[in-house]
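Once you have looked at the hints, place chain B on chain A.
Protein chains in written order, with the working numbering: chain A, 1 to 260; chain B, 1 to 332.
Bear in mind the hints are in silico, worked out from the structure with no lab data behind them.
Glycine residues also receive a C-beta, built at the ideal position from the N, C-alpha and C atoms.
Incorrect hints may appear among the rest.
Stated by the list, open to error - If you only want the chain B side, here are some residues facing chain A, beta carbon under 10 Å, derived:
# : residue
1 : Ala22
2 : Ser33
3 : Arg37
4 : Asp203
Claimed, not checked - Far from chain A, some chain B residues (derived; all Cβ distances over 12 Å):
#  : residue
5  : Gly36
6  : Ile41
7  : Asn73
8  : Ser152
9  : Trp184
10 : Leu204
11 : Phe311
What the hints assert, rightly or not - Okay, the calculated beta carbon distance ranges per label pair:
#  : chain 1 : residue 1 : chain 2 : residue 2 : range
12 : A       : Gln58     : B       : Met141    : 49 to 59 Å
13 : B       : Val102    : A       : Gly117    : 38 to 48 Å
14 : A       : Ala257    : B       : Arg223    : 50 to 60 Å
15 : A       : Arg113    : B       : Leu126    : 23 to 33 Å
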Amino acid sequence: MSSGQPRDELSAQGVQVAGRLADVSLTLAPAQVTAICGPNGAGKSTLLAALTGLLVPQDGRVWLNGGELAQMADRDRARAIGYLPQAGEVAWDLSVRALVGLGVMPWAAAPLRPGIGVAEQAARVDSALATMDLMAMADRAVSTLSGGERARALLARVLAGQPRWILADEPLAHLDLSHARTLMAALRAQARRGVGVAVVVHDLTMAMNHAARVVVMHEGRIVADGPPVEALSPDVLHEVWGVRGRWLGDVGEWALAISG
Amino acid sequence: MTRLNGLLAMVLLLAAGVSLLAGPVWVNPLALSQDGRVAAILIELRLPRVLLAVAVGSGLGAAGAAMQAYLRNPLADPGLFGIAPSAALGAVGAIWLGAAGVPVGPWGVPVLALIGAGGAMALLGLIAARGGAILFTLAGMMIASLSGALTSLAISLSPSPFALSEIVAWLMGALADRSWTDVWVALPLSLLGTACFVLVARDLDAMSLGMAAARSLGVEPRRLQALLVLGVGLSVGGSVAVAGIIGFVGLVVPHLLRPLTDRRPSSLILPSALGGALLLVVADSLCRLWPLAGGELRLGIALSLLGAPFFLTLLWRMRARGLQAGATGGWI
Numbered sequence: 001m002s003s004g005q006p007r008d009e010l011s012a013q014g015v016q017v018a019g020r021l022a023d024v025s026l027t028l029a030p031a032q033v034t035a036i037c038g039p040n041g042a043g044k045s046t047l048l049a050a051l052t053g054l055l056v057p058q059d060g061r062v063w064l065n066g067g068e069l070a071q072m073a074d075r076d077r078a079r080a081i082g083y084l085p086q087a088g089e090v091a092w093d094l095s096v097r098a099l100v101g102l103g104v105m106p107w108a109a110a111p112l113r114p115g116i117g118v119a120e121q122a123a124r125v126d127s128a129l130a131t132m133d134l135m136a137m138a139d140r141a142v143s144t145l146s147g148g149e150r151a152r153a154l155l156a157r158v159l160a161g162q163p164r165w166i167l168a169d170e171p172l173a174h175l176d177l178s179h180a181r182t183l184m185a186a187l188r189a190q191a192r193r194g195v196g197v198a199v200v201v202h203d204l205t206m207a208m209n210h211a212a213r214v215v216v217m218h219e220g221r222i223v224a225d226g227p228p229v230e231a232l233s234p235d236v237l238h239e240v241w242g243v244r245g246r247w248l249g250d251v252g253e254w255a256l257a258i259s260g
Numbered sequence: 001m002t003r004l005n006g007l008l009a010m011v012l013l014l015a016a017g018v019s020l021l022a023g024p025v026w027v028n029p030l031a032l033s034q035d036g037r038v039a040a041i042l043i044e045l046r047l048p049r050v051l052l053a054v055a056v057g058s059g060l061g062a063a064g065a066a067m068q069a070y071l072r073n074p075l076a077d078p079g080l081f082g083i084a085p086s087a088a089l090g091a092v093g094a095i096w097l098g099a100a101g102v103p104v105g106p107w108g109v110p111v112l113a114l115i116g117a118g119g120a121m122a123l124l125g126l127i128a129a130r131g132g133a134i135l136f137t138l139a140g141m142m143i144a145s146l147s148g149a150l151t152s153l154a155i156s157l158s159p160s161p162f163a164l165s166e167i168v169a170w171l172m173g174a175l176a177d178r179s180w181t182d183v184w185v186a187l188p189l190s191l192l193g194t195a196c197f198v199l200v201a202r203d204l205d206a207m208s209l210g211m212a213a214a215r216s217l218g219v220e221p222r223r224l225q226a227l228l229v230l231g232v233g234l235s236v237g238g239s240v241a242v243a244g245i246i247g248f249v250g251l252v253v254p255h256l257l258r259p260l261t262d263r264r265p266s267s268l269i270l271p272s273a274l275g276g277a278l279l280l281v282v283a284d285s286l287c288r289l290w291p292l293a294g295g296e297l298r299l300g301i302a303l304s305l306l307g308a309p310f311f312l313t314l315l316w317r318m319r320a321r322g323l324q325a326g327a328t329g330g331w332i
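The following block holds chain A by itself, in its conformation from the complex:
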């Protein structure tokens, strides 16, 4: 236990992973959407994996509510942190309800393991389905869903675990504008309910308009961190992405103009 760690936070301190992360420190706040941006290979997914506890860094520590994540029981960690991986793979042609039901797993009662019963599990699945507007297609096979519906179902899987933290790795990849907005709106709704959300986003306009905080990574380091207007300033855009760009418009409806 380190002294002075506030109760409700997920925090990486001096995290290093050879070739990918160099001394990264980042503290996520609850009730907020934090966008993690950066070019390919900047270390975004690696940082997310470290914050999820999937990757134990060679140096540095990850703290969850004052306890070290690497020391926590897998099940406790899984209850607190919901992780939406990049690939979005579903190996078997499950129904939407069965897919979403996987999210309840860390809570489910099992032999020698106390947990919630079948009825409560079903209630949580229903609630997640309703939140993502999937009730009408709950019994459909995942293979019959459109890309946007599939992305909603995958997020509903995470919501069914009712995590305190949601870490999503590029959930907007392959989504059209409208579905991307729907998904970001769902993540913001979770943040309003108190959930801390970190989302890796390539679309800077999405980050600018939908995140309360933007973390910019470059070559394994955090180079900017703050409100979107500051973290994605023209100087940062130039330094990190090598483009000359400026933001047009106003809060919530920013557009990026690139002039070279």
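Relative to chain A, chain B alone:
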């Protein structure tokens, strides 16, 4: 799911009952009490054989379902980990030693087969414990290839033509001329193996989302891997120890039953065990009934003869319908 299990169990009981009566000598159940020889055929020959078919088939079916779930591949087969070929190597070694004059006794074949399976499991654990499914599969294939080569070596160096024919016949897989000893080897191992798969059933469900998501849901990869290898080792090792190499059951049975379930891996393990048992009981009965010069059709050959064309037909239908992208479980 319970309905499917109940149905399969009922059909299995029926098939087992008919199988007890079927054979070169058909047993009239009404004549049982009058004829002592009939009772002897039933209890000493037919009953162990039917129980062996149940034990071997259920173990192979459940192992196939678990392997397909773990590797997220509908074409995975319990043979992939190299455990079956290693068990076969052990059994062949026992036959070889017996022919060379070393007294191995009636337990020699099953014990050495289980040692072979155990060796493969230990090697897998040593090499691939920290790796993912791909390293695991590669290591298993190498072990299978090594065991296969050593088995061929044993055949080519066989001490007598008689040993040669015995080894080759044994490798083909059969349930003929087995005794209660074999039942007591195979049945507990098959049950224990299936119990291992049931213990990791929910973990296998989570694996549908890939290893990273499964771990984020609290799955402990090393526990999953250990129980899976243990389960495959017990069920497949036990089945090879008493019946030789019997292919197709672990591949085809989960495949056929998957569309009848909700496609969650955990929903498929028990049906696959029951379905594998059913398939072997039926196939073995047919082998017994099939008149063939010089004895009966070998079960391993019969399954391949039936299974391969059947599987090709399924592939043909799949081709006709076109591959469904992404969801491999919806294949057929």
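(request) Would you list, in rising numerical order, the hints stated earlier that this structure does not obey? (result) As far as the earlier hints go, 1, 2, 3, 7, 10, 12 and 13 are violated by this structure, in ascending order.
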